[in-house]
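2 protein chains.
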Amino acid sequence: MALIVQKYGGTSVGSVERIKHVAERVAKFKMLGHQVVVVLSAMSGETNRLIKLAHDVQSNPDSRELDVLISTGEQVTIALLAMALKDLGLKAKSYTGSQVRILTDNAFNKARILNIDEQHLRADLDSGHVIVVAGFQGVDEHGNITTLGRGGSDTTGVALAAALKADECQIYTDVDGVYTTDPRIVPEARRLKTITFEEMLEMASLGSKVLQIRSVEFAGKYKVKLRVLSSFQDEGEGTLITFEEDDNMEQAIISGIAFNRDEAKITVLGVPDTPGIAYQILGPVADSNIDVDMIIQNVGANNTTDFTFTVHRNDYARTLQMLREMQPKIGAREVTGDDKIAKVSIVGVGMRSHVGIASNMFKTLADDSINIQMISTSEIKISVVIDEKYLELAVRVLHKAFNLEKAA
Amino acid sequence: MALIVQKYGGTSVGSVERIKHVAERVAKFKMLGHQVVVVLSAMSGETNRLIKLAHDVQSNPDSRELDVLISTGEQVTIALLAMALKDLGLKAKSYTGSQVRILTDNAFNKARILNIDEQHLRADLDSGHVIVVAGFQGVDEHGNITTLGRGGSDTTGVALAAALKADECQIYTDVDGVYTTDPRIVPEARRLKTITFEEMLEMASLGSKVLQIRSVEFAGKYKVKLRVLSSFQDEGEGTLITFEEDDNMEQAIISGIAFNRDEAKITVLGVPDTPGIAYQILGPVADSNIDVDMIIQNVGANNTTDFTFTVHRNDYARTLQMLREMQPKIGAREVTGDDKIAKVSIVGVGMRSHVGIASNMFKTLADDSINIQMISTSEIKISVVIDEKYLELAVRVLHKAFNLEKAA
Chain D
100 MALIVQKYGG TSVGSVERIK HVAERVAKFK MLGHQVVVVL SAMSGETNRL
150 IKLAHDVQSN PDSRELDVLI STGEQVTIAL LAMALKDLGL KAKSYTGSQV
200 RILTDNAFNK ARILNIDEQH LRADLDSGHV IVVAGFQGVD EHGNITTLGR
250 GGSDTTGVAL AAALKADECQ IYTDVDGVYT TDPRIVPEAR RLKTITFEEM
300 LEMASLGSKV LQIRSVEFAG KYKVKLRVLS SFQDEGEGTL ITFEEDDNME
350 QAIISGIAFN RDEAKITVLG VPDTPGIAYQ ILGPVADSNI DVDMIIQNVG
400 ANNTTDFTFT VHRNDYARTL QMLREMQPKI GAREVTGDDK IAKVSIVGVG
450 MRSHVGIASN MFKTLADDSI NIQMISTSEI KISVVIDEKY LELAVRVLHK
500 AFNLEKAA
Chain G
100 MALIVQKYGG TSVGSVERIK HVAERVAKFK MLGHQVVVVL SAMSGETNRL
150 IKLAHDVQSN PDSRELDVLI STGEQVTIAL LAMALKDLGL KAKSYTGSQV
200 RILTDNAFNK ARILNIDEQH LRADLDSGHV IVVAGFQGVD EHGNITTLGR
250 GGSDTTGVAL AAALKADECQ IYTDVDGVYT TDPRIVPEAR RLKTITFEEM
300 LEMASLGSKV LQIRSVEFAG KYKVKLRVLS SFQDEGEGTL ITFEEDDNME
350 QAIISGIAFN RDEAKITVLG VPDTPGIAYQ ILGPVADSNI DVDMIIQNVG
400 ANNTTDFTFT VHRNDYARTL QMLREMQPKI GAREVTGDDK IAKVSIVGVG
450 MRSHVGIASN MFKTLADDSI NIQMISTSEI KISVVIDEKY LELAVRVLHK
500 AFNLEKAA
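In order, the protein sequence lines correspond to chains D and G.
Just so we're aligned, residue 100 is where the first sequence starts under my numbering, counting upward by one.
Just so we're aligned, residue 100 is where the second sequence starts under my numbering, counting upward by one.
Please keep in mind that the hints were generated in silico from the structure rather than gathered at the bench.
There may be inaccurate statements among the hints.
Copies of the same chain look alike in the list, so a pair counts if it fits in one copy or across any two.
[To be verified] Okay, derived cross-link-like pairs now, BS3-like style, lysine-lysine, Cα gap no bigger than 25 Å in a straight line:
#1 151 to 505
#2 190 to 209
#3 127 to 292
#4 151 to 119
#5 190 to 264
With the rest of the complex left out, here is chain D (with noise of 0.2 Å):
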């Protein structure tokens, strides 16, 4: 008998004929003797209905009162859920974020959890009750309501998980589990049996959106044995997301390949090279909460030096428009952009002890005449910028290369 943690998303109780196809699968658990405890979301559509009334009513929302709002979305599938849980004759009981008691701090809209009870819940799992928690919300010290911010439902998962010490929390989504990439640009991509935390953090910060980060960095912290699985596939054992690199002896060096349309890169050339000149540049750029991602500084001519980074896509136009404007006071010869880049990346714990897994990337670019704008590398993953209109051929050429399509 296992205590299992169950999270599924909003296309997963999207409809009433999906709350009840989850209920099955609940009860195929409940039939194999585990105890089960089930986090949802609220049904997909529903949460931006309610952002959108309020929108409606206040041109900026007050961030109490939205999360008063928001939070109805999860208290209506619970209860469904619940009802649907006695209907196929099983002892169920729904818990809002404050009827648990999933303490937070007071930043509505985007809490942090701080504790929660698990006194109540384990007493009604040890007298047979499925238990359906409301994900994505919590209460403050005060009894405010409280949310975690978007996909804050995977970290309510994690976080019940880790204080109820489950033996596995499960996230159910509309894909089966973690691919070597996008299978609808490499029909051969595979799904990965296991996958690394780290690499999942790099997998998840770059684009492939299984899984929210904060909820992966919670696993990680509380060591919560991670699985993503497909709500719509009866069968199937997803990916599970390990903590020890050595779990899995045939590790591959390369597992996975992910990739980002969103950004755009910002270039000021000419610069004094003088020390500060990075902060006078990015400084102003932070103060207007625009999240800058890659940066690189390379020696220019004259004692010059050239500066690029990239921002998101949809802050291109007010990140250049400044830089601009700052061009007279920092020095610089000239100020220009590019927001048809695409950020490719390698992802993979074995590059730590093999070497040449960069000039194998870089090559096999090169000889399909891939140019190469930025590179950027971390200990395990490598990310390059290209042209966004060659982004397709190289993650299939290099997904070929580095042999993913082949099990490990």
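Place chain G on chain D using the hints.
Structure of chain G alone, referenced to chain D:
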């Protein structure tokens, strides 16, 4: 400076525009220096939508989970109104029933309020906040969400007014007060400036659906000054429900004429006139959860008695069949019924101290050849059952006979 509780029903908060309109009305009261507590229903249609969802999932929805589900309706409106109030520059804060701690018993779907913790509300009021409370809901001692049953928002309003010792509880609805009778039948019907609590109880239970009867009882018990107003008109003082008869020396003898087309009558003829016969007939009816309204027993011929009672028209066929099956056992000569009847009542505390009211009523009906089938009286009302086709005529001639078109 007064402390006012205002309750707005579902049509008053049925859209973003209506919610903004409510905010403007509340702002007006704040501007006059009053403290305001607002109690809201769910947007019109929302509770029914949620109940339908529940029935789609479970044919007989679990009562605990149903309350978790439908309580979200009010949670949405309180958040939106608090936003609208902030948009007008006011301080505002929403409270769910659980956040106030409106403690109820644990009778899900029809809970009764046991206690209200008003300390936090008081502190927020004193710091200048408008308090926006979700009507219709509370929390039991174990933290389970409960609801008070249909129309429970009126009860929440009155209970808060009692707990906070408010100067007045204003119930905003889609009519501008209590009328002498339905203006659709008698165009000369007049809005009453005041009506006594007891008259209101009789009017409400007789089908004038302005206020929930439970909230009126509650107001009577705690001596809450209750006023019914229209949320669709900006002027008008509505109807004040009073608790002291001598508040108004010019009290009319008759305050209004109520009527009801929802009943049907069953007659059991020629049953042996023995002790316990009423119980023999009505016991099985009550056991089948059929509400009986009027009951009349007359002496018949040959030591037999005739027995007539009314039930809701929806229960007519079922009751008739039940009685016909019982006919041999109770030894009745005949069981007949009629579902084309109507009940008309004149209501007024003044009739206590005036004679001749009943005879005036009967003469008025006789003058227009309206046959009276049943009569029932209480301290402050006289009800008759007539053929349904004479209903409008009866209400019109009685309204004129008692001079109700003229202010008292």
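Checklist line | Alpha-carbon proximity context of residue 151 and residue 505, limit 25 Å | finding: Neither way: residue 151 and residue 505 sit 46 Å apart in one copy and 50 Å across, limit 25 Å.
Item checked: Homomeric proximity label, residue 190 with residue 264: Cα distance no greater than 25 Å -> Intra 22 Å, inter 43 Å, cutoff 25 Å: intra-copy only.
Note to self: With identical chains, the pair residue 127 and residue 292 could be close in the same copy or across copies; at 25 Å between alpha carbons, which is it: within, between, both, or neither?
What the structure shows: within (23 Å within a copy, 64 Å between copies)
Next item on the list: Please work out whether the CA atoms of residue 151 and residue 119 approach to 25 Å or closer within one copy, between two copies, in both situations, or in neither?
Entry: Only across copies: residue 151 and residue 119 sit 15 Å apart there, 28 Å inside one copy, limit 25 Å.
Check: Is it within a copy, between copies, both, or neither that the alpha carbon of residue 190 lies no farther than 25 Å from that of residue 209?
Finding: So residue 190 and residue 209 pass the 25 Å test across copies only (23 Å; inside, 33 Å).
In this structure, only the earlier hint numbered 1 is contradicted, and the remaining ones agree with it.
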